[in-house]
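Colleague: Same order as they appear, the protein sequences are chains A and B.
With the numbering used here applied, the first sequence covers 48 to 1119.
With the numbering used here applied, the second sequence covers 254 to 714.
No lab work stands behind these hints, which were simulated from the structure alone.
Check each hint, because a few of them may be wrong.
[Claimed, not checked] EDC-like mimics (lysine to aspartate or glutamate), calculated; alpha carbons at most 20 angstroms apart, straight line:
{"no.": "1", "chain 1": "B", "residue 1": "LYS314", "chain 2": "A", "residue 2": "GLU997"}
{"no.": "2", "chain 1": "A", "residue 1": "LYS907", "chain 2": "B", "residue 2": "GLU283"}
{"no.": "3", "chain 1": "B", "residue 1": "LYS269", "chain 2": "B", "residue 2": "GLU579"}
{"no.": "4", "chain 1": "B", "residue 1": "LYS314", "chain 2": "A", "residue 2": "ASP884"}
{"no.": "5", "chain 1": "A", "residue 1": "LYS907", "chain 2": "B", "residue 2": "GLU569"}
{"no.": "6", "chain 1": "B", "residue 1": "LYS285", "chain 2": "B", "residue 2": "ASP443"}
{"no.": "7", "chain 1": "B", "residue 1": "LYS444", "chain 2": "B", "residue 2": "GLU262"}
{"no.": "8", "chain 1": "A", "residue 1": "LYS832", "chain 2": "B", "residue 2": "GLU579"}
{"no.": "9", "chain 1": "B", "residue 1": "LYS452", "chain 2": "B", "residue 2": "GLU283"}
{"no.": "10", "chain 1": "A", "residue 1": "LYS802", "chain 2": "A", "residue 2": "ASP331"}
{"no.": "11", "chain 1": "B", "residue 1": "LYS535", "chain 2": "B", "residue 2": "ASP273"}
{"no.": "12", "chain 1": "A", "residue 1": "LYS402", "chain 2": "A", "residue 2": "GLU1112"}
{"no.": "13", "chain 1": "B", "residue 1": "LYS614", "chain 2": "B", "residue 2": "GLU262"}
{"no.": "14", "chain 1": "A", "residue 1": "LYS402", "chain 2": "A", "residue 2": "ASP331"}
{"no.": "15", "chain 1": "B", "residue 1": "LYS314", "chain 2": "A", "residue 2": "ASP736"}
{"no.": "16", "chain 1": "A", "residue 1": "LYS259", "chain 2": "A", "residue 2": "ASP223"}
{"no.": "17", "chain 1": "A", "residue 1": "LYS1040", "chain 2": "A", "residue 2": "ASP1017"}
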Amino acid sequence: MPSTKRYWQDLAQLDQAADVIKGREHEFQAPTPLEEVLGDRSFQGASTDRRDFLKFLGFGLGAATLAACETPVVKSIPYVNKPEEIVPGVANWYASTYYDGNDFASILVKTREARPIHIKGNPRHGLNRDPQLDKGSINSRINSSVLSLYDSMRLQGPKKRDGENWTNAGWSEADDAISGQLATIAGQGGRIVLLTPTVISPSIVAAFTAFKAKYATAEHVQYDPISYHGVTTANMRSFGRRAMPGYDLTQADVVVGVDCDFLSSWGNTTEHTWQYARRRRPSDAGMSKHIQFEARMSLTGANADERTAIKPSEVTNIVISLHDHVAKATGGAAVGGTDASCDAATAHAAENLLKARGRSVVLCGSNNADVQVLVNSINMMLGNYGTTIDLDNASNLFQGDDAAVAQLVKDLEAGRVGALLIAGVNPAYTLPETEAFKAGLAKTGLTVSFSGYADETASLCGWILPDHHYLESWNDFNPKPGHYAVAQPTINPLYSTRAWGESLTRWCGQYINWHDHVKGVWRARLEAQGGNADERWYQAVHDGVLVGFVNAPGAVTFAGDVNAAAAAAKASVQGAGEWELQVYTSEAIGDGSHANNPWLQEMPDPITKLTWDNALLMAPADVERLGLNRYIGQEHPASVCKVAVNGVEVELPVLAAPGQKAGTLAVALGYGRGANGEAVGRAACLRDDDGKPMPVGRNAYPFTVRSGGAVSYDVLSVSVTPTGATYPLALTQTHLTDMERHSVVKETTFATWAKHDSQHTYNPPHLLAVHEDVNGDGLINALDKKPVTQIDLWEEHPVEGVGHRWGLSIDLNSCIGCGACVTACNSENNIPVVGKDEVRRSREMHWLRIDRYFNSDMTKARAAEESVGTIAMYTAMERPAENPRVVFMPVMCQHCNHAPCETVCPVAATTHSNEGLNQMSYNRCIGTRYCANNCPYKVRRFNWFNYVTEKFGQVNPAWDEVGRMVLNPDVTVRARGVIEKCSLCVQSIQAGKFAAKKAGRPVKDGDIETACSAACGAGAIIFGDLNDTNSRVRNLSQDERSYHMLEELGVKPNVNYLAKVRNTEAEEAHHA
Amino acid sequence: MQHEAAIREPLILGHKTYGDITHDIVAPIENKAPRGWYVLMTIASLIAAYGTGCILYLISKGVGVWGLNKTVDWAWDITNFVWWVGIGHAGTLISAVLLLFRQRWRMAINRSAEAMTIFAVIMAATFPGIHMGRIWMAYWVFPLPNQFGSLWVNFNSPLLWDVFAISTYFSVSLVFWYIGLIPDFATIRDKVTKPGMKKLYSILSFGWTGNAKAWTRFEEVSLVLAGIATPLVFSVHSVVSFDFATSVIPGWHTTIFPPYFVSGAVFSGFAMVQTLLLVMRKVMKLESYITIKHVEYMNIVIIVTGSIVGVAYITELFMSWYSGVEYESYAFINRATGPYWWAYWSMMTCNVISPQVFWFKKLRTNLAFTFFMSIVVNVGMWFERFVIIVTSLHRDFLPSSWTLFHPTWVDAGVFIGTIGIFFTLYLLFARYFPVVALNEMKSILKTSGESYKQRAETHHH
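Construct all of the structure, not just a fragment, from the sequences and the given hints.
Modeller: Dropping the structure here:
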């Protein structure tokens, strides 16, 4: 046998056929005439020489490239950097605009490698920008909206109903079918209704005008799920203008809010926020005074200097009483009926308002036109029109017409509508009469939804033609006269989606893409104004905003009938029962269109700190009276109650909410989506282990009622029955009060602050007795004390005055507690979303949290006065006051110069940088968690599990292959078993230093912003270099209000806080 | 030959000869184990297997399967660690400190107490390992030369001091224990007849010949090791207490911790020795060697250390008030009256109040009662560590972060599992190792043996 095996390719090889052997030597059997060609002398004289050859090559390449470009290149202009192309590793920022029917804001979109990953307010332009601070105010709903772009449950193309099933359709198929049907319907005189939220886009208006020209029976109904119909109607009745006025809170010395959450959900909140915050910073010129009347402790009420808890049915009384007090002083007509029950409080409010005539504002959140007429009258008597209230530049937002919507539902039900086109609203979920609407929808011949999801409404339509996410689309807005904004796409559409305005234009036979349409509308307008239209368009795209004329304020004449309004208003609150219920929109979820966003679901509610649920808010006293669970914790679930009214029954977990008026209840809207299994988005409706839908929270829209032509969010009589069941709730903060810990929270009153003696009043330094003669009396005794800031246990890090020392200054007065910084931090730093069960176990991963403290009636001073024992005192301190004062305190890593975490890590995984940062080396961390235990601020977070696994796949964007596109490539996604915490956005610091170095200059104050400081339009969080003597943060750290949290520990944080100042004389703030 | 006063009670009861001692102690190794051993072994190894399963589950899923959270980052894990380390202390105290003080009664119990030490330290060392987020990087706590740059351990960290303290303690205890075993292994080697066992014990006895020179050296080494081990009795638990004492957390940041922890450790260690020996002397029929007198002595140690611990508790309370520090004072009020009041008062009852009954001779010489009390003390000492760790952490400086700790089944499974592993190891020791230092016992037979004492007495008269 042969010792080696042989293998043959074929039998011919085995046979060793001669031709095969020969053939194998020449791979190419026909000889290549290379030699001949190259050797041919005649070629040298040919006309194609080397240069021509290169020309042909260039042309060929260019032609091939052009031919490969199917879609025309649309120019988007980068904002900060203007690179010729995308530079990998360098972020491009694009100006754009956010508008969803509720919130309007000019924004900057951060893109990395052509992916939008972060959103902040536009610091140079826009209604939401504070021109003094150069910051754009946004809320968490806006900066989290980048995540919903990467929702894998978005529809990936047009869908057509086929009986019970859906089939994928092509765009042209849809266009042909729908425009054909529309023509037939219009031809037969059938009504074609376009249902949208308030449209403020000139381009949409132009598109609809063209649409109406083609289909004469087309009509447009604007429907705001959160209705302002009462307000606009009242302005119609009072001033002949159906609009929301513009407000200027920077002019308001006194703000009185009546059931009006104007910082969180009422009106253009992004504009209100910075205006309000500016006047909350105490200065020798004063600070604004804010008095609030409300049932539920709202974000706005939590910021008020004085707050009175009232029932929703008492709003009328309060407004009438306030009206008459003001009328008495200004010589106006009293409407009668001042109710003694609220007289003291309204008299006090009126007194303050009257002291600030023309510099005050009364805001009322009621959607009752009669109440709003009275409010208009109050503001009129106070002379606030033209100063704090601007009717001549009234807002274009919130023009929804409840009467038209109610009529539409009736018409649908009666089968009087031929076609219904729905864009941007979800009436099957939000309407008070959803069943009627659904029945009507089934009777309508053509139903088209432009929703990006097969949601509650879209899933009932005949067609779904998914709209772009707003970050993929061009758009324009005109939120108020003379103010125009542009939204530009920051990414190519991920799926086969189309701007819904383009669908309208296509159906009128114009084959023009949406960008060209928008630009065309603008060009026509700009050309009419003269100048270089193109240049101004590009400038507008670059800035995101184009400001034209502003109307001069004219004379305002009040023409409302206050007596009739008062009588009608009083009549409307008849029949109030034992329990009054108010439904509201929460800070995180809004009207429910954001329910699919895991960042927002996990963002704790500013007041209740509840995540992943809505609950029935009830006064703690009522909770106890009904014998329900008051303390909610990991193993302490909430009691469930059934709330019933008019045949609507909803079972809700009860959450004791300090500040809630006894006898009133509140439930947040926007939850309980996808209850019938609709694909409403990834986080809005989770699936249990069997794949069954598990809606997050319960839908409260069924509680809304139509009253006096407008949708009312107050239900004056409901019944509450405990079911005996329990339901777990996930709170990020289970303890309610601050336990009067003065080294944590310092607060005072404006009068005390104005004495400018903080050292001896509200902000005394912590002193420690030392063994040296400090006071120079020749003796060393207990009187010799030094401030703890001058004492070091460890050797100091050489950071003082050397290089940079980064730090933050946080103003407890400007902070309104909205939580925009929390979600901005989530977005910038790839914070994992861990879901309800982990939050319930106190394991949320947020690097930045906002501590919310209520005050208690029990204080140390009171305990001493009343001889209350220490144990009893502390027990009493755990209970908040019935109508507590609230402090919001953003807490992140304090970057201590003597960090307790650094000394205890056995492997030196957390260390101090030479720029004052406390750094975390994830790679080195072995996860002993000693640092987290030893952190007095409890800001360190541990990766208890690998959060990038299927277990967390439903909630954590990093698990999903589409969702993970939102991750910031500059920040590591942390592994299981390591500690993480705030890095002061070290990636932004490095980028800022690098940019300054490239420009050959030192880093300037304001060059670098952390995600939280950039997100805070209220200017409560200021970042900068503490070694830069001119920096804002340095100046603030030397402010008389400045203090370090837990200063007596001597850990020397680089984060300082400015003490809270309340503009109230009612009660001296407890530490003064 | 030394003489012992007649007033001292005999330490070896019955008319034992040298041969009897050898026989009594080697008998369980030579013969078939009693039924009770098999029963106990089955139970212990089942629990051990369950515990091992829980540990593997923990390592595969992550520390999140425990009930820890962002505020309470240590709970049962470090409670168990400190508890096991504490238990270990009695062994070293008995074998080293009592040797230096020439307490002869220690000879009957030092072997098994030392075995207990070693197994307890093994159990203790498990917890800092498995509580790590990334146990596969655990070797980074050792100052090993590496190529990760100039990465070195942090010598400021009390956890690192723990690493050194525990590893030193474990190695010294192991060597000390084994050196003591060598002559006894040689005795077994000489006595057993089965070739396999003979071979095994011959290897274990390191060729011990028993000549005078060997015995001299044996005694010298024992003394030297006792000298080394003695400071460890005090240092190990002092260092463990530094984990807490050097921190900033109210309730941890206390200078009283080192002595308080050491006395607590001895307290719990003696209780565990009682638990083990009271069962063993019955099952292994060692009543002649481990006498009521031994039990009584140990109960006296328990009452002394228990009282020291009680004083420490009260001192802590006093200091929290006297310091005038708001956070410190709240931490202790919260311990006694907050959500974990039941843990605090369990600790107080078990550790401070209940050992005081040992002032009654009748009770401290009652075996059943002693056994009951030994369990009570160990329950109390577990609660002590739980109280220190969890109640301090769950409400520290910022009320916003206050929360509760709720253990999971894995918390319980791992803890009970380590008890199972511990008893499995201890039962194996009792079956195959000489549980009493038989050669040392022989050295006191003529001075402290009952029959010799009686004979000496009659001889004098």
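Colleague: Decide, hint by hint, whether the structure agrees.
Modeller: So, going through the hints one by one against the coordinates:
{"no.": "1", "hint": "LYS314/B x GLU997/A", "in the structure": "holds (13 angstroms)"}
{"no.": "2", "hint": "LYS907/A x GLU283/B", "in the structure": "violated (72 angstroms)"}
{"no.": "3", "hint": "LYS269/B x GLU579/B", "in the structure": "violated (64 angstroms)"}
{"no.": "4", "hint": "LYS314/B x ASP884/A", "in the structure": "holds (16 angstroms)"}
{"no.": "5", "hint": "LYS907/A x GLU569/B", "in the structure": "violated (23 angstroms)"}
{"no.": "6", "hint": "LYS285/B x ASP443/B", "in the structure": "holds (19 angstroms)"}
{"no.": "7", "hint": "LYS444/B x GLU262/B", "in the structure": "violated (31 angstroms)"}
{"no.": "8", "hint": "LYS832/A x GLU579/B", "in the structure": "holds (19 angstroms)"}
{"no.": "9", "hint": "LYS452/B x GLU283/B", "in the structure": "holds (14 angstroms)"}
{"no.": "10", "hint": "LYS802/A x ASP331/A", "in the structure": "holds (10 angstroms)"}
{"no.": "11", "hint": "LYS535/B x ASP273/B", "in the structure": "holds (18 angstroms)"}
{"no.": "12", "hint": "LYS402/A x GLU1112/A", "in the structure": "holds (15 angstroms)"}
{"no.": "13", "hint": "LYS614/B x GLU262/B", "in the structure": "holds (15 angstroms)"}
{"no.": "14", "hint": "LYS402/A x ASP331/A", "in the structure": "holds (18 angstroms)"}
{"no.": "15", "hint": "LYS314/B x ASP736/A", "in the structure": "holds (18 angstroms)"}
{"no.": "16", "hint": "LYS259/A x ASP223/A", "in the structure": "holds (18 angstroms)"}
{"no.": "17", "hint": "LYS1040/A x ASP1017/A", "in the structure": "holds (15 angstroms)"}
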